[in-house]
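Q: Listed here are the chains, written in short residue letters.
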Amino acid sequence: MKSEKNLVLAGAAGMGIQTVESLFVNAAKQSGLFVFASREYMSRVRGGINSTAMRISSRPVRAFKERIDLLIPLSDLAIPHLKQRIRKNTIILGEKAFLNADPTVKFTSIEVPFTDMATKIGNKIYANIIALGILAYIFKVNKTIVLGLIAEQFWKKGDKIIEENQNAIEKGYEMGKKLELTNPILKNFEITKNPQIINDLILDGTQAIGLGAIAGGCNYETFYPMAPSTGIGTFLAQNALKFGIIVDQSEDEISVINKALGASFAGARSLVTTSGGGFSLMSEGISLAGIMELPIVIVVGMRPGPATGMPTRTSQEDLELILHAGAGFFPRIIFSPGTIEDAFYLTQQAFNLTQEFQVPVFILTDQYLVDSYYNLPSLDLEKLKIEKHIVKTVDNYNRYVFAVSSISPRGIPGYGNGLVNADSHTHDEQGTITEDPVLRSRMVKKRLHKLELIQKASILPEFIGNRNKYKILVVSWGSNYYLIKEALEIINREDIGFLHFKQVYPLHAMQIIQYLNKANLIIAVEQNPTGQFAELLEKETHIPIDCRILKFSGYTFSVEELVEEIIHHVDKGAR
Amino acid sequence: MNTIFDKETEIHWCPGCGNFSALRIMKESLTELNLSPKNVVIVSGIGQAGKFPHFIRSNSYNGLHGRYLSAALAIKASNPNLHVIAVSGDGCTLSEGGNHFLHTIRYNPNITNVLHNNQVYGLTKGQASPTSNLGFKTKVQTFGVINEPFNAPAIAISLNASFVARAFVGDINKSKEILKQAIQHKGYALIDLLCPCVSFNNLNTYRWYEENSYYLNSSHNYRDREQALHVALNLENLALGVIYQNDRPTYEENIQIYDNDTRPLFERDLDRKKLEKLVNSFR
Ligand SMILES: Cc1ncc(C[n+]2csc(CCOP(=O)(O)OP(=O)(O)O)c2C)c(N)n1
Ligand SMILES: [Mg+2]
Chain B
1 MKSEKNLVLA GAAGMGIQTV ESLFVNAAKQ SGLFVFASRE YMSRVRGGIN
51 STAMRISSRP VRAFKERIDL LIPLSDLAIP HLKQRIRKNT IILGEKAFLN
101 ADPTVKFTSI EVPFTDMATK IGNKIYANII ALGILAYIFK VNKTIVLGLI
151 AEQFWKKGDK IIEENQNAIE KGYEMGKKLE LTNPILKNFE ITKNPQIIND
201 LILDGTQAIG LGAIAGGCNY ETFYPMAPST GIGTFLAQNA LKFGIIVDQS
251 EDEISVINKA LGASFAGARS LVTTSGGGFS LMSEGISLAG IMELPIVIVV
301 GMRPGPATGM PTRTSQEDLE LILHAGAGFF PRIIFSPGTI EDAFYLTQQA
351 FNLTQEFQVP VFILTDQYLV DSYYNLPSLD LEKLKIEKHI VKTVDNYNRY
401 VFAVSSISPR GIPGYGNGLV NADSHTHDEQ GTITEDPVLR SRMVKKRLHK
451 LELIQKASIL PEFIGNRNKY KILVVSWGSN YYLIKEALEI INREDIGFLH
501 FKQVYPLHAM QIIQYLNKAN LIIAVEQNPT GQFAELLEKE THIPIDCRIL
551 KFSGYTFSVE ELVEEIIHHV DKGAR
Chain R
1 MNTIFDKETE IHWCPGCGNF SALRIMKESL TELNLSPKNV VIVSGIGQAG
51 KFPHFIRSNS YNGLHGRYLS AALAIKASNP NLHVIAVSGD GCTLSEGGNH
101 FLHTIRYNPN ITNVLHNNQV YGLTKGQASP TSNLGFKTKV QTFGVINEPF
151 NAPAIAISLN ASFVARAFVG DINKSKEILK QAIQHKGYAL IDLLCPCVSF
201 NNLNTYRWYE ENSYYLNSSH NYRDREQALH VALNLENLAL GVIYQNDRPT
251 YEENIQIYDN DTRPLFERDL DRKKLEKLVN SFR
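Order-wise, the sequence lines are chains B and R. Heads up, the final residue of the first sequence is numbered 575 in the working numbering, and it's a clean run with no missing numbers. Heads up, the final residue of the second sequence is numbered 283 in the working numbering, and it's a clean run with no missing numbers.
None of these hints come from the bench; they were simulated from the model. You can take every hint at face value.
Listed next, the in silico EDC-like pairs over lysine to aspartate or glutamate satisfying Cα-Cα at most 16 Å (straight line): (1) B/383 with R/276; (2) B/242 with R/259; (3) B/385 with R/271; (4) R/277 with B/200; (5) B/518 with B/546; (6) R/274 with B/382; (7) B/383 with R/271; (8) B/242 with R/269; (9) B/65 with B/565; (10) B/518 with B/495; (11) B/242 with R/276; (12) R/277 with B/380; (13) B/140 with B/4; (14) R/273 with B/380; (15) B/388 with R/267; (16) R/38 with B/395; (17) R/274 with B/380; (18) B/388 with R/269; (19) R/7 with R/28; (20) B/385 with R/269; (21) B/392 with R/267; (22) R/273 with B/382; (23) R/7 with B/395; (24) B/385 with R/276; (25) R/174 with R/32; (26) B/242 with R/271; (27) B/242 with R/261; (28) R/277 with B/382.
Have a look at the derived ranges for each label pair, beta carbon to beta carbon: (29) B/436 with R/236: 45 to 55 Å; (30) B/439 with R/6: 19 to 29 Å; (31) R/253 with B/439: 35 to 45 Å.
Here a beta-carbon is modelled for each residue, glycine too, at the ideal position from N, C-alpha and C.
Let's have the full structure, built from the sequences with the hints guiding it.
A: As structure tokens, then:
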């Protein structure tokens, strides 16, 4: 029936685990296997212990699972590090010394002399590529595809390096064959392939956001490196000249936001990418966007805080920060993608919405999503629209004119005969400083009214389950989407429904209340210690959220963990 | 002189403030250079000097305290056809915005930076600024300023700023000549504009500036960085005129995106074919 294997590779930073991960996942997909991969890594450049988890399956897989069917340790820290996830039937393929690293852990061991084999090829660094060869054999992934990917991966390094790496694949492949003969249990790793998916895309969250930005017409990106969002800046830098994007690694996050807003004033489609700490430095700039009514898209990749926290780990701790950052009142929009597709489409859409409403639009994501990937059929580029919402100014143009819709038509300097005056003070219609109480109140109301418009246009939450039969409702946001969806598929009860929010602010309370009212028990699932989204929901709907499943260890939920937790709360709640 | 940059509005500065002359110097220089308000953007931060764009007819961006150079750089990079003039005070530029001052110089955007230097915080009523003289007493610096003054021209030269000058608002004609050169310079141009505060600085008065400054003559080689630095390091007797100039490429040139397409960013559209190709490279 359902066939799926969970494969984990673990070793020190700098050992090439990510190379194997990306080569294997691509080769598996090109052979017709569904793939999902996510990684956890330390904030170090060398050493320590990192791991990558790959799910290889005959049906779509899109969430992290704890179970390990096959582990390849590339250092003696691997088994102690993954101890909690190793079971008696977990197969561990590795060097003797690594297999014996923790005698208290029980598993099915298969010894492979990686170092010896690698040294014979020319360098012990080839251990990881030999492992890739073994995997290719065991999973019956087409060897030619792997050899081709190797050539692509190492083409810059010259023929000798390519040959040695390809040789490592061959040796690994032979070893795989040998191991299978002596360990028939490895035969179970051949999974039914589906030729329809060999042409699928494989994207991680970082790439999806980067592509979404390009598809949204982004042409100005500023950032200051900070995990987990650095990859987006890098992705755009690598595509900058092709798409005419100015990518600027600026001196600090304060300059980042102020540059992005200056650019936006001059008509650029601006993006900034950061994490909680860097975003904290941008607070005053965000309020500047609010009063100047300038378009801006802000991607915040969450990691655990406070302060430096755990740089490379995941969390959903910054919703409240993003909700409230900046002095004074002004409207904003906050999206939080649940899927790789969301990451693309929401980012694309953010660029149009920010131009339309002249308010900051946030993409609030996290390390788990930006570093996860899976195969998907395609992205719909046909329907994409790029909306500019810019007017050619006339002689007596006033930037902040009181318009019926509350949205003052946006002119930009140098386009038309008018003058464009943007101001950080409370200003009049022209953009000149004022301290007039009546004008001030009208300007505040104008911005307040935009919030109502945004609310009406908001993306409604997605309901998953049986609308007529659910009595228990799980609510969540952002990257927990597939984790919860799969957990509920396993629990398989018609009386449990799931409401997922990818727009977390503003909320369309009337629509949401209908879903909440039908449930006897509402369970929120979040990766922070207080239930920040549950609190927001309560405030907006006045409906109490009965219980919360919260995790804040810095490591993502797993499907198994959620199955257990949800059942526990359902049983307790039904008492 | 009436100019097309004149704006009918109430001006918030104190009577006798150096900013009035600075405003006249700016409006007349822009007019004499035949620039049109439509293509000029005055960018400022917060402070008495930061209110400058409200009193001149042009496009404007009155941003945050300390952050105006970042905005100015980005406006120019997004639309190189605009003339971007960045104006703000000594506190805004060198204290709150010190880091941006340093780094904007490194980028060398083609903008003009007029630093209204009154050696005090005007808007917040008389605290010391980073350029206040040692010993200058205020309500906060009760026993006088103890921190070494921030020497903006010397720092700019040491970072190889492409144009560094000093001018004094007490001399409108000479200041106009200097400002016009700065605007015409291709690259980042700093003018340390001595601009007395009549309300909160009774040390650095019009008279004090006259007595403690001199004009550079033709013997000064403003292309010689070491000579320029030597001149700039002297804060006892302030040199007026162009102190240093070089021909470094500008930021807008360096980013290459205008090499084959001179259109500003707002006129451009996404190349959908290229996007499709990029997306398909992930198959
Ligand atoms: C972030 C922030 N901090 C403090 C202030 C208050 N503030 C406004 S202007 C100013 C100093 C002004 O001094 P300067 O830049 O020299 O301008 P001047 O008034 O002398 O022209 C200060 C501290 C502010 N507006 N924003
Ligand atoms: Mg000052």
